[in-house]
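Take a look at the letters that make up each chain.
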Amino acid sequence: MNYKPIDWVDERLGTAKFTRKSLNKIFPDHWSFMLGEIAMYSFFILLATGVFLTFFFVPSSADTVYHGSYAPMDGHVVSQAYASTLNLSFSVRAGLVMRQMHHWAANVFIAAIVVHLLRVFFTGAFRKPREINWLVGSLLLMMAIFEGFLGYSLPDDLISGTGIRIAYSITLSIPVVGSYLASFLFGGQFPGNTIIPRFYTIHILLIPALMAGLLGAHLAIMWHQKHTQYKGKGKTEKNVVGIAMWPAYAMQAGGFFFLTASVLAALGGLVQINPIWLYGPYIPYKVSYAVQPDWYMGWLDGALRLFPSWEITGFGHMIPTVFFPAVLLPGVTFGLLMAWPWIERIFTKDTAAHNLLDNPRDNPWRTSIGVGVMAFYMVLFFASSTDVLANTFEVSLNFVLWAFRVLVFVIPPVAALVAHKLAVEAGSVQSAGRPRKAMVVSRSKEGEYTTEESDPRPELEFKRHAMHGDIAQSLPEESRLHGEAIEAADDGEDYAFSGSSIAAVLAEEIGERPSGGSGVYEVPRGAPGSGGGMFSPRGPSQSKEVSDSEDEK
Amino acid sequence: MSGSTPELEQELDGESLLKASERRFERAVGVSFALSFLATIGLGVVYWQGGQTQIEGALLFVALGGIGFGIVAWGKYLVPQGPYVQEREELQSTESEREAFVESFERGNKLIQRRSFLAKLLGASVAAFGVITLFPFIRSLGPQPKKMLYVTNWKKGSALVKSDGTKVHSTDLEVGGVLTVFPEGHAGGAISQSILIRPSFEDIVTKPGRDTWGPQGYLAYSKVCTHAGCPVGLYQELTQQLLCPCHQSLFDVMTGANPVFGPAPRPLPQLPLEIDSQGYLRAQAGFDEPIGPGFWERA
Ligand code: HEM
Ligand code: FES
Numbered sequence: 009m010n011y012k013p014i015d016w017v018d019e020r021l022g023t024a025k026f027t028r029k030s031l032n033k034i035f036p037d038h039w040s041f042m043l044g045e046i047a048m049y050s051f052f053i054l055l056a057t058g059v060f061l062t063f064f065f066v067p068s069s070a071d072t073v074y075h076g077s078y079a080p081m082d083g084h085v086v087s088q089a090y091a092s093t094l095n096l097s098f099s100v101r102a103g104l105v106m107r108q109m110h111h112w113a114a115n116v117f118i119a120a121i122v123v124h125l126l127r128v129f130f131t132g133a134f135r136k137p138r139e140i141n142w143l144v145g146s147l148l149l150m151m152a153i154f155e156g157f158l159g160y161s162l163p164d165d166l167i168s169g170t171g172i173r174i175a176y177s178i179t180l181s182i183p184v185v186g187s188y189l190a191s192f193l194f195g196g197q198f199p200g201n202t203i204i205p206r207f208y209t210i211h212i213l214l215i216p217a218l219m220a221g222l223l224g225a226h227l228a229i230m231w232h233q234k235h236t237q238y239k240g241k242g243k244t245e246k247n248v249v250g251i252a253m254w255p256a257y258a259m260q261a262g263g264f265f266f267l268t269a270s271v272l273a274a275l276g277g278l279v280q281i282n283p284i285w286l287y288g289p290y291i292p293y294k295v296s297y298a299v300q301p302d303w304y305m306g307w308l309d310g311a312l313r314l315f316p317s318w319e320i321t322g323f324g325h326m327i328p329t330v331f332f333p334a335v336l337l338p339g340v341t342f343g344l345l346m347a348w349p350w351i352e353r354i355f356t357k358d359t360a361a362h363n364l365l366d367n368p369r370d371n372p373w374r375t376s377i378g379v380g381v382m383a384f385y386m387v388l389f390f391a392s393s394t395d396v397l398a399n400t401f402e403v404s405l406n407f408v409l410w411a412f413r414v415l416v417f418v419i420p421p422v423a424a425l426v427a428h429k430l431a432v433e434a435g436s437v438q439s440a441g442r443p444r445k446a447m448v449v450s451r452s453k454e455g456e457y458t459t460e461e462s463d464p465r466p467e468l469e470f471k472r473h474a475m476h477g478d479i480a481q482s483l484p485e486e487s488r489l490h491g492e493a494i495e496a497a498d499d500g501e502d503y504a505f506s507g508s509s510i511a512a513v514l515a516e517e518i519g520e521r522p523s524g525g526s527g528v529y530e531v532p533r534g535a536p537g538s539g540g541g542m543f544s545p546r547g548p549s550q551s552k553e554v555s556d557s558e559d560e561k
Numbered sequence: 073m074s075g076s077t078p079e080l081e082q083e084l085d086g087e088s089l090l091k092a093s094e095r096r097f098e099r100a101v102g103v104s105f106a107l108s109f110l111a112t113i114g115l116g117v118v119y120w121q122g123g124q125t126q127i128e129g130a131l132l133f134v135a136l137g138g139i140g141f142g143i144v145a146w147g148k149y150l151v152p153q154g155p156y157v158q159e160r161e162e163l164q165s166t167e168s169e170r171e172a173f174v175e176s177f178e179r180g181n182k183l184i185q186r187r188s189f190l191a192k193l194l195g196a197s198v199a200a201f202g203v204i205t206l207f208p209f210i211r212s213l214g215p216q217p218k219k220m221l222y223v224t225n226w227k228k229g230s231a232l233v234k235s236d237g238t239k240v241h242s243t244d245l246e247v248g249g250v251l252t253v254f255p256e257g258h259a260g261g262a263i264s265q266s267i268l269i270r271p272s273f274e275d276i277v278t279k280p281g282r283d284t285w286g287p288q289g290y291l292a293y294s295k296v297c298t299h300a301g302c303p304v305g306l307y308q309e310l311t312q313q314l315l316c317p318c319h320q321s322l323f324d325v326m327t328g329a330n331p332v333f334g335p336a337p338r339p340l341p342q343l344p345l346e347i348d349s350q351g352y353l354r355a356q357a358g359f360d361e362p363i364g365p366g367f368w369e370r371a
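Those protein sequence lines, which keep their order, are chains P and E. Take the first sequence: its letters are residues 9 to 561, numbered as in the working numbering. Take the second sequence: its letters are residues 73 to 371, numbered as in the working numbering.
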């Protein structure tokens, strides 16, 4: 076939050589690997909808008289930021969908990052050699939280204005430099009129640019190191088993972007979020009742409520009370988060590189610590609605507050203990998590009955074979066997290949010897175990480059 | 190494076997794309007609979802899924590669070190440039805090005004009433905002030295919460308490706005009041302490 554009580019950049390798790159396939993708796609949606918003949003706290299609506000003196957000919502075509999509995408974005982080944590994917990406990911989470806060501060409505006021007080509380920082950030004393334009620049330029750079690094490192995979038949520390980049993975990932976008569009069109016209414009001496920030700020709000009224004074200085829950706590949180790979190493003394993921039950200690920490932040999160809870259940605020102050210390260790117990127990059950085998009873011509174990999911496999027309070539997807472990006895059939034999058999089938490097093989199932050593990356057999002969075909 | 790549694409054989299921997926993918196409047309029409948020959302959902579902299904059920195996290349370089790197690096290093004086001079000028140019940037951002956090617009004799700027007369408030007040000329100010209360009980406990601060049963406190600065906006007449809605601090009006519940660490500063000859409320003086949340320099 004649691909003009490909020739054109290749003659100038020589792209065909290395992009071909990328096309054949193998990606392990598992639902939990899509969490990061959801985050990334939400980020793209944020960029797209955000750019739309910039065309209409006016980042200014200067007063203006609102005249627009939202009648209840007509004639009110409000800031230009607030007025332009009303216009976006009511007068710009598709404006409200875009605004609400933007806000929903922000919430989904951060939720996806957090769940993705939990996946990485509980499966031990942060271990060597992936510590750098753990750091990059943590930075991305921090920035996302800042970015979200800055974003919902922009419309200058009553709730966001109150949030900014609290942010000012938190900045002020930082020892030694707090009052300078606050004055520099706000261009003087609160509220001033520089804060909205400044937040705007940071929100639409500074942080998105940094995040785009970090995201690029995150992906490039992942690409270079190759993705981790769960343990399973044929999977080893030295290989990647999965689907090919082109076209299967590319299609699934690309399609998934559209699916994410469609869900966000449905939310943006059908589920109201941040109806700033109901909150009213920010007026510094007004405040609304039952103020609640976006969900990802909940833990901080909860901490602010629970932390006692301690304020430290001495030597002519003061450490204000909000410093502890609102500066120290997040500082320690993200500090420990980023240090975790090294903290864990102190205890495990494990300096080996890992490409096979842990099942959470394989590592009860890590799992229980993770669950305990999660429980801690969940309690803080729920503490951000002490007032709502008190009203709903008609108990005194005092009771709710003290209940939470106790729970925040009690629930995490209890949750950790339970998680530890569960993990240990699940780990001791041999068959946990393995696909069950069906027992097939067959009757012979002579009328004799025999019972046989069948494949875990024969139907599914059949479909897969059918798809690429080779019934003998597929691996059962989710079996929990170690690549290396020879578990023939256990399975009662010929799954006994160790990693090496796959390649050997494969070599027979395609009539070539597999080499090291990034060779891609289709895996035959149920190959009889034989041979060895070919998966060791620098074995003698690899000197021969198979690709050469192939290219010549 | 370029890596070996046996054909991923395979000729489909056993055609009869896969025809049926494949057709089903083909049909589903086709329907999905067609739905998307129709929804997009619909979106255009709605938009042309002036737009409607919910319908736009629903149509966008179908338009994007149709494309998404179609491609995913296509990529999952109509394309070979392997699983394929690829070997991982050794991530780290070999010993000799690393040595070669160090060697090259050192060679360059030596060339620079030969003129170490120049290198130091360069370092000094770059560092100086960095530090000095940083200053104007930071300093331009805002004024030094100086006395900013200690003062408000309340002065000796400032008349109390409402948010619309009109002066507050001693007959304006019913017993049990509250009003947000500002110093004259600064109505609506975020820092000077104060709350004027006329408690319905007599047993006010005044703090030492504040005997004259509450004429005719009027009391005024800074409205900025000492916790994180929210306006302490809710007055509960029955308990004579001010509630901050942000984190539920409670201040007891009768004992000088002492915090009695929640995270607020200090009482709300009290504004000394007087009533002038025409019956208007005025401040005897400004606040005698910084208002609002704490900061490092505050003793
Ligand atoms: C990267 C992650 C981002 C997050 C988490 C985020 C979050 C938010 C949030 C929560 C809002 C409040 C929306 C509302 O009114 O309800 C907002 C507003 C806004 N964002 Fe973003 N955003 C991001 C990126 C961007 C980008 C890249 C741009 C532009 C290039 C942008 C432009 C805007 C504008 C103009 C507004 C104010 C308009 C309005 O409030 O309606 N955002 N953002
Ligand atoms: S700001 Fe008033 S209680 Fe936190």
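Calculated from the structure, these hints are not laboratory results. Computed from a prediction, not measured in an experiment: that's the story for all the values here. By construction, the Cβ of each residue, glycine as well, lies at the ideal position given by its N, Cα and C atoms. Honestly, I wouldn't trust all of these hints.
Residues from chain P shown here face chain E by an in silico Cβ test under 7 Å; the list is partial [said to hold, decoys possible]:
1) L104
2) G221
3) L223
4) V248
5) G263
6) Y297
7) P301
8) E319
9) I320
10) I419
Once the Cα atoms are required to be at most 20 Å apart in a straight line, the calculated EDC-like pairs of lysine to aspartate or glutamate come out as [to be verified]:
11) P:K136 x E:E162
12) E:K218 x E:E309
13) P:K136 x E:E361
14) P:K294 x E:E309
15) P:K239 x P:D370
16) E:K148 x P:D370
17) E:K228 x E:E161
18) P:K234 x E:E309
19) E:K219 x E:E309
20) P:K246 x E:E162
21) P:K234 x P:E245
22) P:K29 x E:E169
23) P:K29 x P:D18
24) P:K239 x E:D283
25) P:K234 x E:D236
26) P:K246 x P:D82
27) P:K246 x E:E161
28) P:K25 x E:D360
29) P:K294 x E:D236
30) P:K29 x E:E161
Rough simulated footprint, nothing fancy, chain P against chain E, three-plus residues with beta-carbon under 8 Å [said to hold, decoys possible]:
31) 117-128
32) 185-192
33) 199-206
34) 215-224
35) 297-309
36) 352-362
Now the hints, each set against the structure:
1. Given hint, P:L104 at the interface with chain E, holds; its Cβ is 5 Å from that chain's nearest Cβ, closer than 7 Å.
2. Using the Cβ-Cβ criterion of 7 Å, the hint placing P:G221 at the interface with chain E is not satisfied: the shortest such distance is roughly 21 Å.
3. A least Cβ separation of about 21 Å between P:L223 and chain E goes past the 7 Å threshold, and the interface hint is therefore violated.
4. This hint holds: P:V248 has a C-beta 5 Å from the nearest C-beta of chain E, less than the 7 Å allowed.
5. At about 3 Å, the closest approach between the beta carbon of P:G263 and any beta carbon in chain E falls short of 7 Å, and the interface hint on this residue holds.
6. The criterion of a C-beta within 7 Å of any C-beta in chain E is met by P:Y297, whose closest approach is roughly 5 Å, and the hint holds.
7. At its closest, the beta carbon of P:P301 sits 10 Å from a beta carbon of chain E; the interface hint therefore is violated under the 7 Å criterion.
8. A least Cβ separation of about 4 Å between P:E319 and chain E falls short of the 7 Å threshold, and the interface hint therefore holds.
9. The restraint placing P:I320 at the interface with chain E is violated, with a minimum CB-CB distance near 9 Å, outside the 7 Å limit.
10. Given the 7 Å rule on beta carbons, the hint for P:I419 is violated: about 21 Å separates it from the nearest Cβ of chain E.
11. At roughly 13 Å between alpha-carbon atoms, P:K136 and E:E162 fall within 20 Å of each other, so this suggested pair holds.
12. For the suggested pair E:K218 and E:E309, the alpha carbons sit about 39 Å apart, so the restraint of at most 20 Å is broken.
13. Annotation: proposed proximity of P:K136 to E:E361 is violated, straight-line Cα distance about 55 Å (limit 20 Å).
14. Proposed proximity of P:K294 and E:E309 is supported: the alpha carbons are some 19 Å apart, at most 20 Å.
15. For the hint pairing P:K239 with P:D370, the CA-to-CA distance comes to about 11 Å; that is within 20 Å, so the pair holds.
16. Of the pairs offered as hints, the one joining E:K148 and P:D370 is violated, with about 31 Å between alpha carbons and a cut-off of 20 Å exceeded.
17. Restraint check for E:K228 and E:E161: not satisfied, since their Cα atoms lie roughly 79 Å apart, outside the 20 Å limit.
18. Between the alpha carbons of P:K234 and E:E309 the distance comes to roughly 66 Å, so the proposed pair goes past 20 Å and is violated.
19. For the suggested pair E:K219 and E:E309, the alpha carbons sit about 36 Å apart, so the restraint of at most 20 Å is broken.
20. Under the criterion of a C-alpha separation no larger than 20 Å, the hint pairing P:K246 with E:E162 is consistent with the structure, at around 9 Å.
21. Restraint check for P:K234 and P:E245: satisfied, since their Cα atoms lie roughly 11 Å apart, inside the 20 Å limit.
22. Proposed proximity of P:K29 and E:E169 is contradicted: the alpha carbons are some 23 Å apart, above 20 Å.
23. As the CA atoms of P:K29 and P:D18 are separated by approximately 14 Å, the hinted pair is consistent with the 20 Å bound.
24. A hinted pair counts as satisfied when its Cα atoms are at most 20 Å apart, and P:K239 with E:D283 does not qualify at roughly 77 Å.
25. A C-alpha spacing of about 65 Å is found between P:K234 and E:D236, which places the hinted pair above 20 Å, so the restraint is violated.
26. The suggested pairing of P:K246 with P:D82 is violated, with an alpha-carbon distance near 67 Å, which exceeds 20 Å.
27. Proposed proximity of P:K246 and E:E161 is supported: the alpha carbons are some 8 Å apart, at most 20 Å.
28. Of the pairs offered as hints, the one joining P:K25 and E:D360 is violated, with about 76 Å between alpha carbons and a cut-off of 20 Å exceeded.
29. Taking the CA atoms of P:K294 and E:D236, the gap is near 14 Å; set against the 20 Å cutoff, the hint holds.
30. Note on P:K29 and E:E161: the hinted pairing holds, with a Cα-Cα distance of about 13 Å set against a maximum of 20 Å.
31. Residue count for the segment 117-128 of chain E with a Cβ under 8 Å from a Cβ of chain P: 7. That meets the three needed, and the coverage hint holds.
32. Coverage of the segment 185-192 of chain E by chain P is violated in this model, with 0 residues showing a Cβ closer than 8 Å to a Cβ of that chain against a need of three.
33. Given as covered by chain P, the segment 199-206 of chain E fails the check, having 0 residues with a CB less than 8 Å from a CB of that chain where 3 are the minimum.
34. Check on the segment 215-224 of chain E: 5 of its residues sit with their Cβ under 8 Å from a Cβ of chain P, so the three-residue criterion for coverage holds.
35. For a cut-off of 8 Å, the count of residues in the segment 297-309 of chain E with a CB near a CB of chain P stands at 7, and the three-residue condition holds.
36. For the segment 352-362 of chain E, the assignment as covered by chain P is violated, since 0 residues bring a beta-carbon within under 8 Å of that chain's beta-carbons and 3 are needed.
In summary, the structure is inconsistent with hints 2, 3, 7, 9, 10, 12, 13, 16, 17, 18, 19, 22, 24, 25, 26, 28, 32, 33, 36 from the numbered list given earlier, while agreeing with the others.
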